[in-house]
Amino acid sequence: MKRFVLAVCAVLLGSSVFGLARAQPWPDILAKARGQTMFWNAWGGDDKTNAFIAWVGDEVQKRYGVTIRHVRLRDTAEAVTRVVAEKAAGRNQGGSVDLIWINGPNFVAMKEQGLLFGPFTGLLPNYRFVDFETKPSNLVDFTVPVDGLESPWRLAQIVFIHDAARTKDMPRSIPALLDWARRNPGRLTHPSVGNFLGATFLKQALYELTPDPAMLQKPATDENFAKATAPLWVWYDQLLPLLWRQGRQFPETGPAQRQLLNDGDIDILISFNPSEAAVSIAGGLLPNTARTFVMDRGTIGNTSFVAIPYNAANKEAAMVVADFLLDPIVQAKAQDPAVLGNVTVLDLRKLTAEQRNMFEAVPRGAATPTPAELGRVLLEPHASWMTRIAAEWTKRYTR
Amino acid sequence: MLRIAPVVTLLLLILPIAAGLAGTVLPSFGYLPALGGTEFSLGPWRDLLAYPGFGSALRLSIVTGVAATMLSFAIAVLTCATFHGAPGFRRLQAAIAPILAMPHSALAIGFAFLIAPSGWLARLAASVTGADRPGDIVTVQDEGGLALIAGLLLKEVPYLLLMIFAALNQMPARQAMAIARSLGYGAALAWIKVVLPRIYPQIRLPIYAVLAFSLSVVDVALILGPGNPPPLGPLALRWFSDPLLLLYFPAAAAACLQLALLVAAIALWRTGEVVVARAGRWWIARGGRGLAVQPFLNAAGRIAWLLLALSALSLLAMGLWSVAESWRFPDLLPTGWTLATWTRQAAGLWWPVQTTMALALVSTLIAMVLALACLENEQRRGLHPGIGALWLLYTPLLVPQIAFLFGAQIVLIRLDLDGTWTALVWSHLLFVLPYVFLSLADPWRNIDPRLIRTAACLGASPLRILFAVKLPMMLRPLLAAAAVGFAVSVGLYLPTLFAGNGRFATLTTEAVTLAGGADRRIIGIHALLQALLPLLIYAIALAAPSIAFRHRRLLAVAS
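Chains as they are written, first to last, in this note's numbering: chain A, 1 to 399; chain B, 1 to 559.
The following block holds chain A by itself, in its conformation from the complex (with noise of 0.2 Å):
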């Protein structure tokens, strides 16, 4: 009961300031926010993209005088705690976190709690370009309406990659990854379970082993995630025993992952990013041979945000960063393999032929699929299906 009041009292909170912050136009923004210090908490564990936002900060700073600190979190569930924690005490206002890069089941904790300001997605100059036609995942969050609760910035896709120098003929679907590991033991793995990536990988297989993948879009509850889901721990249970290091450890993040294919240690790697293996070989951190494939049922997708809390302190200057990436100067270089690889979030038909061609000069590489290569995107499940997916594989394999 203490909680739901709590919540009124945010909602209620929060939808007064966003009556402030509509009357708001751009200009006073800029002009509010210029000055201002943002802390930008973002997942740190991602050295390209942390680069990227040293980028943006020294371009906002530049541009409109904002200056950005990355707090570089181990899980984005930290920034979610703090915001939390704050709540409890009370500080509804000069909140320590601005920005958060987020979505799924952080933005849907976020969203039920009252947690977050806005909608404020329509105050950007630049949320016009965002393609909402053919990339749904803009729109809906994990089947969650964004509702402009968060701005999108970067897309994602699960791609599977591999070193074509010693490994040919890869395994197109999940049944068929279960035989590969078969023949060759210890040469896949997945992350941790904890990790956003690892779950995915599991959704993943879920998609293709369920009876009724529809069902994935309603919420998870007692009854109907038994039934979906138990062909996965089927699958899974045999698959456990020949994954690297027999299923004893898994890499904590996608990007540990890396390490171990650079290595040799595991022959196939998973990522959420379809151009990372351009992008790590650019980098150094794969070797030139390094090539794409993904399921021909299709993998699943999503769109990567930022939001803002409702209590943050400097509301202006991270309503700038957010607006500063849908620039489709800034989506044209991050698409850039040198620097993120990015698929971006923008619809190239609504802008000028100059902003397109910066599109389209971007050079591709033979290890970047096109964009019919990278097949059909699966719309994310529920949230509730991931927390649950977790949950279930922590009972069922922590000893």
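Since the hints were made in silico from the structure, they are not lab data.
Small disclaimer: the values here were computed from a predicted structure and weren't measured.
Don't be surprised by glycine CBs; every beta carbon is placed ideally from N, CA and C.
Be a bit skeptical, because a hint or two may be false.
[Unchecked claim] Simulated DEER-style distance windows between Cβ atoms: (1) Asp179/A / Leu246/B: 48 to 56 Å; (2) Met171/B / Gly94/A: 54 to 62 Å; (3) Ala125/B / Ala230/A: 54 to 62 Å; (4) Met215/A / Gly135/B: 38 to 46 Å; (5) Ile540/B / Phe359/A: 37 to 45 Å; (6) Leu316/B / Lys227/A: 53 to 61 Å; (7) Asn169/B / Pro185/A: 55 to 63 Å.
With chain A's structure known, arrange chain B on it following the hints.
Quick look at chain B alone, frame taken from chain A:
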């Protein structure tokens, strides 16, 4: 003014820890009104016990903590026993100083690469066997916690060695050894039978500190320990940072369990001391000369050198990674060299380096002032602080960090201090102050009273005596204490994380975060800087007195 110094110092140490402990114990019994816990219950403890990996996590914490402590004690003792009086002894004393300055996590990161199946040692083996792929074996993050134990030894053995060296200065060890040797005892056994019993009381608290640290370590466990399940410390940290609020409660229970574990471990160790002392008395009285075991002891005494070599290799490996262009298995050395990683990271490094430096300097400065005030007060009033005061001073080093830092964070948020410089400096002071005080206390208490009396007779005020006589004389120990304080601050992970609310990145927090799996070249830069920064300060602390005293050589020797 000076009279309240000890009170202020102790309040600064004890009060926040007590408040922090309360803030952790209460939620562990379900009480945390801010999150809707208004009634006391055993629910959090039941949740903790129901966690599938609870048994393994608990076993792991106990086994790694106790084994690391026993092994480091045994190795330190055997090393001193075999090298005491030998030429190697001085070299050893010089060799451990730089290792002591390096943060634990920096060594752990390097060590992880050294022993990984694709690491340096494996590559060395592969260059013989011709393997082109790393073996599918578990070395780092093994379920048994062996890598974690070894990683802890790297720092704990030098720390205990240092403590033993300090204790040796307090007794006529050389004479005792000479007598024992003349009675026909082998060198190592003579040391164990004659010297060890007399210095043990002085290294008891440091041993307990090692026990406390090893039982509840978080940063090293994140790097070298297993992940599924992790030991209790990282498990509690993981739950504390879970967005599902309800995990706060079992996390608090796990943190409290850490404390209970420590109390039990110390009680058990104390009992063990009594038993060993009884048996030891009989053993010593029996009079075995131990000549037969001498070669075996000599060999065991070399383990400390092995550990030092591993530490040096760890650091070297990180240095190589930081300038490697590409370094794949099974290459022994990078196939290309570049400074690009450094230049690319330079901009991003500036902030953490700044934070690390500022934090270490400020907390060390405050700690120095407080420690000096306490010591000066003690000396002017002719006080002789008892063992109780020493225990109080050791409190921050004995209480598991996670057991009070979580509660302290709630207190800080209530006071609107979380994520501020004040909170951060305070959290560092907690750990810097005891070390600064301990390294300053002995030299200060050993100041020759005749010098003070002479100055007083010449009409100098106490203040003038302090500034004109004591401080210049004490320059060397003062700088050494400052270097220790600096190194302690640089290495702190959990306090920075909690009190800084994650907003303050230091080299250590960055390095531990990156160790999760980032590019080894970038991890290398962070680990290297993390280790070099305190080393640099150590070098300055060593060099400065020689420069300042170049015209006063006798004084330099006197200190």
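Okay, the hints, checked on the actual structure:
no., hint, verdict
1, Asp179/A / Leu246/B: 48 to 56 Å, "41 Å, violated"
2, Met171/B / Gly94/A: 54 to 62 Å, "57 Å, holds"
3, Ala125/B / Ala230/A: 54 to 62 Å, "44 Å, violated"
4, Met215/A / Gly135/B: 38 to 46 Å, "43 Å, holds"
5, Ile540/B / Phe359/A: 37 to 45 Å, "52 Å, violated"
6, Leu316/B / Lys227/A: 53 to 61 Å, "56 Å, holds"
7, Asn169/B / Pro185/A: 55 to 63 Å, "58 Å, holds"
Hints 1, 3 and 5 from the list above are not met by this structure, while the remaining hints are.
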